[in-house]
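S.K.: Fit chain B to the known structure of chain A by using the hints.
Listed here are the chains, written in short residue letters.
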Amino acid sequence: MSRRGAPAVAAALFAALLCIAPFLLSTYWVDVLDSVGLYALLALSLNLILGEAGLYDMGHAAFFAVGAYTAAILSTSLGIPVLLTLPASGCAAGLFAALVALPVLRLRGDYLLIVTIGVGEIVRIALVNDAFGLTGGSNGIFGIPRPVLLGWRLRTPEQLFFLIWGAVAVTVLVFGRLSASRFGRALRAIRDDEVAAEGSGIDTARAKLTVFVLGSAWAGMAGTLFAAKMTVISPESFGFWESVLVFAMVLLGGAGSIPGVLLGAFLVAGLPELFRGLASARMLVFGLALMVMMVVRPRGLWPRRAGGGP
Amino acid sequence: MSLLELQGLSKRFGGVAAVDGVSFGVPDGVTGLIGPNGAGKTTVFNLITGNIRPDRGTVTFADTDITGLAPHRIVARGIARTFQAIRLFGGLSVLDNVLAGADAGLRAGLLASVLRLPAQRREERDVREAGLAELEFVGLAGKGAAPAASLAHGERRRLEIARALAARPRLVVLDEPAGGLNESETADLSGLVRRIRARGVTVLLIEHDMGFVMEVCERLVVLEHGVKIAEGPPEAIRRDPRVIEAYLGAAEGDPA
Chain A
13 MSRRGAPAVA AALFAALLCI APFLLSTYWV DVLDSVGLYA LLALSLNLIL GEAGLYDMGH
73 AAFFAVGAYT AAILSTSLGI PVLLTLPASG CAAGLFAALV ALPVLRLRGD YLLIVTIGVG
133 EIVRIALVND AFGLTGGSNG IFGIPRPVLL GWRLRTPEQL FFLIWGAVAV TVLVFGRLSA
193 SRFGRALRAI RDDEVAAEGS GIDTARAKLT VFVLGSAWAG MAGTLFAAKM TVISPESFGF
253 WESVLVFAMV LLGGAGSIPG VLLGAFLVAG LPELFRGLAS ARMLVFGLAL MVMMVVRPRG
313 LWPRRAGGGP
Chain B
2 MSLLELQGLS KRFGGVAAVD GVSFGVPDGV TGLIGPNGAG KTTVFNLITG NIRPDRGTVT
62 FADTDITGLA PHRIVARGIA RTFQAIRLFG GLSVLDNVLA GADAGLRAGL LASVLRLPAQ
122 RREERDVREA GLAELEFVGL AGKGAAPAAS LAHGERRRLE IARALAARPR LVVLDEPAGG
182 LNESETADLS GLVRRIRARG VTVLLIEHDM GFVMEVCERL VVLEHGVKIA EGPPEAIRRD
242 PRVIEAYLGA AEGDPA
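Residue numbers (my numbering), protein chains in the order written: chain A, 13 to 322; chain B, 2 to 257.
The set of hints was computed from the structure by calculation and includes no laboratory data. Hints should not be assumed to be uniformly reliable.
Claimed, not checked - Example chain B residues on the side facing chain A (calculated, C-beta under 10 angstroms, incomplete):
hint, residue
1, 81
2, 82
3, 92
4, 93
5, 104
6, 117
7, 119
8, 120
9, 164
10, 191
Quantities reported herein were computed from a predicted structural model and do not represent experimental measurements. Note that beta-carbon positions come from the ideal geometry of N, C-alpha and C, so glycine has one too.
Pulled out of the complex, with its shape left as it was, chain A reads as follows (with noise of 0.2 angstroms):
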């Protein structure tokens, strides 16, 4: 039980830290850690396509940008109170995700890698170019307004804490146990030799339709998140390199590791606020440490091990 119980205690001191970092950290710093959050819930629906099936999707912002934008529509031209635009933005995001499917998940390693950046693109350039007209161009849709949760408005940072990692909370459970059934099973089999994965019996082209639809409807609702706290949303949130980061943060914490890909948010998302001090180099120092962790550590910060669990 030992070797069982020891990720348990990790993982609880981990919950414990964060549930009181909200009452001792300044309001600058948990509006940091919300943000953390969001990217956390961004890495870990990536990781689900990249991390445990292999897809090479490098156009994550994509899916994250038409959920956000459809909260933001129906919440501000409809007035639905925009948590409850949940459901819509993640079917938005999944189905767009089904639709460009068809041609992505023929494609394997680098070609999907180029098509996905591709659908990143369109999107980024359809928002600017106020696609339907719903979209208000450059400027983004403003007004978006507070989440309201069980009757409380959530105004600051650390109101929206809470409910930003709530939502990572859930989403490390429902991985978790995805990830441990035959379903995870699968997308590691496809991951690793997907001509032997049919082979043996595994519908492919099902699981990675399935896997490619549920990461980018997740990614879908974290938009909505993302327009409750912003309250102002705008295309340049959901450039190419927002799918870089997100994309960074799977493999340098460990694609397919749970603890990694959380590991893998708070470094890439965190450590630029870090290098904050050293003003216009901080990019450059957090680049440079990118490419030192990569080399010292290619699997990843916290690898996911072959036999064991998430």
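M.R.: Positioned in the frame of chain A, the structure of chain B alone reads:
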């Protein structure tokens, strides 16, 4: 009618006829598919398992036409395979490799897995038990938790066979199962093939090791240049002048 029937199978790659009008049946027991290098044996396997589609001809399994079905559907119908160059899931544990082979028989959906419904937990427990039993059957008991990438060559071959058996097939097709094995490992493999047959599973195998083929196979089919040139019991094949000329004669003094 045999369990598996191939009828006029043809497949061209570019201008080359890799398989040209091949017909044969695979009855219960152990059948060997032999022939010189480049005779089209692996292509025939890939046509059976759905990895490639034939230009002409049909594959009939248990009286149903399975021509052109996706490989995972063919596994679900009861044909499991191994690969010539071993293809394991290196990042998975040994047991998870076997469980991946059982996937076609599992029913749990996403929601049941997230909620850990009783049916899903029972299914996982049962498939784990069955997987451990397959590991024991092929002689890999106690290795379930090890990463598949850590196994020695001979163990990988056996793990691939365990993964195929986990699908509970009626027919297993083994592509050069003795490839790269030493003498004692090959002897173990003969025993394993016999025990698979004793379970009531039909075996079709490609092999170059003639000693092994003559020992374990009850029937042989011989291919040369994509065409079937002989079929029958090993003793008859051994004496068939066309086979001797095409294959055994050339192989004399050649350990391969």
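S.K.: All the hints need checking, so say for each whether the structure fits it.
M.R.: Hints versus structure:
Look at residue 81 of chain B: its Cβ gets to within about 7 angstroms of chain A, closer than 10 angstroms, so that hint holds up. Hint on residue 82 of chain B holds. Least Cβ distance to chain A is approximately 6 angstroms, under the 10 angstroms limit. Look at residue 92 of chain B: its Cβ gets to within about 5 angstroms of chain A, closer than 10 angstroms, so that hint holds up. Because the smallest distance between the Cβ of residue 93 of chain B and any Cβ of chain A comes to about 6 angstroms, under 10 angstroms, the interface hint for this residue holds.
Evaluation of the residue 104 of chain B hint against chain A yields a held restraint, the C-beta minimum of about 5 angstroms falling below 10 angstroms. For the restraint placing residue 117 of chain B at the interface with chain A, the shortest Cβ-Cβ distance is roughly 6 angstroms, inside the 10 angstroms limit, so the hint holds. Against a cut-off of 10 angstroms between C-beta atoms, the interface hint on residue 119 of chain B is violated, since the closest Cβ of chain A lies about 14 angstroms away. Evaluation of the residue 120 of chain B hint against chain A yields a violated restraint, the C-beta minimum of about 12 angstroms exceeding 10 angstroms.
Using the Cβ-Cβ criterion of 10 angstroms, the hint placing residue 164 of chain B at the interface with chain A is satisfied: the shortest such distance is roughly 6 angstroms. The beta carbon of residue 191 of chain B comes no nearer than 24 angstroms to any beta carbon in chain A, farther than 10 angstroms, and the hint placing it at the interface is violated.
The structure fails to meet hints 7, 8, 10 from the earlier list, while all remaining hints are met.
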